[in-house]
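Undergrad: Whenever a hint applies, use it, and build me the whole structure from the sequences.
Sequence order for the protein chains is A and B. Going left to right, the first sequence walks through residues 194 to 305 as our numbering numbers them. Going left to right, the second sequence walks through residues 23 to 133 as our numbering numbers them.
All the pointers check out, no bait thrown in.
What follows is a list of derived Cβ distance ranges for each label pair: (1) Trp132(B) with Ser252(A): 36 to 44 Å; (2) Ile39(B) with Ser194(A): 23 to 31 Å; (3) His60(B) with Thr213(A): 22 to 30 Å.
Which chain A residues stay away from chain B? Per the calculated CB distances, all over 12 Å, these: (4) Lys200; (5) Pro201; (6) Gln207; (7) Arg208; (8) Gly209; (9) Gln221; (10) Ile256; (11) Asp257; (12) Pro260; (13) Pro264; (14) Leu266; (15) Thr267; (16) Glu279; (17) Asp280; (18) Val304.
Don't read these hints as lab results, they were simulated from the structure. Ideal placement from N, C-alpha and C gives every residue a C-beta, glycine not left out.
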Amino acid sequence: SAVISQKPSRDICQRGTSLTIQCQVDSQVTMMFWYRQQPGQSLTLIATANQGSEATYESGFVIDKFPISRPNLTFSTLTVSNMSPEDSSIYLCSCTGVTEQYFGPGTRLTVT
Amino acid sequence: GQNIDQPTEMTATEGAIVQINCTYQTSGFNGLFWYQQHAGEAPTFLSYNVLDGLEEKGRFSSFLSRSKGYSYLLLKELQMKDSASYLCAVTGGSTLGRLYFGRGTQLTVWP
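TA: Written out as structure tokens, the structure reads:
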């Protein structure tokens, strides 16, 4: 199993600013995933982060808006850049186990 | 493309049984997950089906038919705490571990 922690757990930010979310896993994992969950919606994959290579972004998400770092096998960051109220969401990081996908507790972001 | 469909809302009473259906059409398939998510919290793993058939785990069971692209989550002896969103997710395709989520089914359990 894997235990994932995220920081911050929540934040309120002003539009135009940026926020970096940290994700720490208690074991080494090859792939980490960043999801967004907008109010009342299901989870949407933002990007897949592999250690040592650039993240792979899903349609509708771009690196300039959501830069991702993956410096080692236990850590990743997602930055939400130049925020607008539409970016208000829960952001979750995730990794894969043998028969389960583990999720962090999420970061609840409110942009005013 | 990936298309995963499940009902938006369901209601039931305490002690009852409820079945939440999920149909999927995906370009690749390795397995199907069910997650429970309470409001404001991260999803919690419930089950993972790879082969056809029923997997039972306490009050919760999950069924899969790969030929029909169909799964259901069965919740027995419902409790108030079971009120939550239930997410169906499929894994498959070229990216190992990538999940495709349905929109979730909001279950409300009444006393």
